[in-house]
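Going line by line, the protein sequences match chains A and B. Note that the numbering used here gives residue 50 to position 49 of the first sequence, counting from 1, and the numbers run on in steps of one. Note that the numbering used here gives residue 253 to position 220 of the second sequence, counting from 1, and the numbers run on in steps of one.
In case anyone wonders, no lab produced these hints; they're calculated from the structure. Using N, Cα and C, we set each Cβ at its ideal position, and we do this for glycine too. Among the hints, erroneous ones may be present.
Pair ranges (Cβ atoms, derived) [said to hold, decoys possible]:
id: 1; chain 1: B; residue 1: Leu-300; chain 2: A; residue 2: Val-274; range: 20 to 30 Å
id: 2; chain 1: A; residue 1: Ala-196; chain 2: B; residue 2: Ile-152; range: 19 to 29 Å
id: 3; chain 1: B; residue 1: Trp-218; chain 2: A; residue 2: Glu-189; range: 51 to 61 Å
id: 4; chain 1: B; residue 1: Leu-172; chain 2: A; residue 2: Ile-145; range: 49 to 59 Å
id: 5; chain 1: B; residue 1: Val-212; chain 2: A; residue 2: Phe-257; range: 54 to 64 Å
id: 6; chain 1: B; residue 1: Ala-84; chain 2: A; residue 2: Glu-189; range: 51 to 61 Å
One-sided excerpt, in silico: chain B residues whose CB lies under 8 Å from chain A [as the list claims (entries may be wrong)]:
id: 7; residue: Ala-130
id: 8; residue: Ser-131
id: 9; residue: Ala-187
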Amino acid sequence: MRRTVFPHKLLPWLLLAPQLAITLIFFYWPAAQAFRQSVLREDPFGLSSKFVGLANFRKVLNDPAYLNAMQVTVVFSVLVAFFAMGIALFLAVQVEKIIRGKGLYRTLMIWPYAVAPAIAGMLWLFMFNPSFGTLAWPLRQLGIAWNPLLNGDQAMALVVAAATWKQISYNFLFFVAGLQAIPKSLLEAAAIDGATKRHAFWTIVFPLLTPTTFFLLVVNTVYALFDTFGIIHAVTSGGPGKSTETLVYKVYNDGFVNLIMGDSAAQSVILMVIVIALTAFQFRFIEKRVHYG
Amino acid sequence: MVARGAARTMAHLWMILGVIIVAFPVYYVFIASTHSVQTILRPPLPLLPGAEAYENYRGAFSGEINRIGGVSLWRLLGNTTLIAVGIAVGKIVISMASAYAIVFFKFPFRMACFWLIFITLMLPVEVRIQPTYKVMVDLGLIDTYAGLILPLIASATATLLFRQFFMTIPDELLEAARVDGAGPWRFFKDILWPLSLTNVAAIFVIQFIYGWTQYLWPLLVTNSNEMNTIVIALKKMISFADADTPWNLVMVTSVLAILPPILVVVLMQRWFVKGLVETEK
């Protein structure tokens, strides 16, 4: 808290007004509506609605399509987080071994961050398009029946590849920063004691990177859950069948395309709980990071 | 952890492989944008630029996109630029104002206001799609620039960052300014703003990218082709693809959808990295 402040009484409210107005109108009011709708059910004509308690939640959580979306989301998020973080960590370790050309490599690594998720999806679709994709062509020559528009596993592979590709640059920057923060004296001491590079990495570097890794795990999970909507919408539209329908895609599809309000609102509330849990986890962890400097 | 000899050469080889993987999709679409439709549809695509580059880009800019997207390429680029800049500037203005009020004034419910802004972090548009859409309809904001920009300019992260930065300004500076008779506007304009410039640049880069790459929101609040962003227009071109789709023009549009934000990131790299690291912690 500051000792000196300006004495004005009205001015701070005027300064806060635009931000508060926008958050109330476009964040709090709709979120409250989502909660309200999640305990109501509308009649088929949308003329009246009645209170049904947690019936919508029960219905959603017993719906095989929702459970499928949950499973798809978990598979998708785990694969994206694992590959995006694994590849980024590997490359960050490599770039740290280099003296000349570090800056150039970094510049060349970061720009997928600037590509919209939907476009990242389209780029991969172009390369692996079953009819004219250059990279689909060798797959066909090898006798693989490549068609992500018909085969669910192949569709999943394609969206995971696109989502991973886009996230590598972000993770790379944070891992490089994390590696640079590790005291060189520790590694020198390990080398003098005769530790191999591999041994030193797993017993010193990797444990000291834990804060960065945890932080990135949360960020990558949030990314895979929410920001990849564009990739899925643009590349597979949740298909073929429902093999790439994630929770967020389903909320959009039920509420906006199929117009099932109660279900969609209940799904929204479930997603809100997931975000709140993840954010809380992230901030607890940040408190820890402050302690360890 | 600097390596020597063979290990360093190995590291270079891995980095080159990494860069190739990261760059290839973008290189591929750039190459495709310089070939004719016939070449694109007969894989494998050549690895070098073709002779059709001038033809494709001239065609795309002089109205051939209208045929497949229902709107000119200029309009798409204009819309997207307006939205990206609008969101970035809007976020900076309103979050600086809020942070200024919270740090440099004393008033009832000061911290309650801060938390109110902070909690919006937990309410991304994905979890409140349908009711937010209804608000947009009720306010008549569908298919308007205001509708595309306004709801996205609330920013917990930017407010947080400016608040943290403002709190590092020493009390003495404010005291001295007040003794010299400076009011809130004078103090902001002559002292705080010049000190904030690097933070402003960092947030601008991050939020420009955020605005340029928006997808779900423009998808929800626009119906008319005239209001499309380039990302949405591209998605529409691909969904309605058939035997007659001019893929060369689709590739040109892709390149133009990718290029501006990449240029911003690469040219403003220093601020970009700062913004990324600071807004996320």
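For each hint, the structure was consulted:
no. : hint                               : result
1   : B:Leu-300 to A:Val-274: 20 to 30 Å : 41 Å, violated
2   : A:Ala-196 to B:Ile-152: 19 to 29 Å : 47 Å, violated
3   : B:Trp-218 to A:Glu-189: 51 to 61 Å : 55 Å, holds
4   : B:Leu-172 to A:Ile-145: 49 to 59 Å : 51 Å, holds
5   : B:Val-212 to A:Phe-257: 54 to 64 Å : 58 Å, holds
6   : B:Ala-84 to A:Glu-189: 51 to 61 Å  : 56 Å, holds
7   : Ala-130                            : 4 Å, holds
8   : Ser-131                            : 4 Å, holds
9   : Ala-187                            : 4 Å, holds
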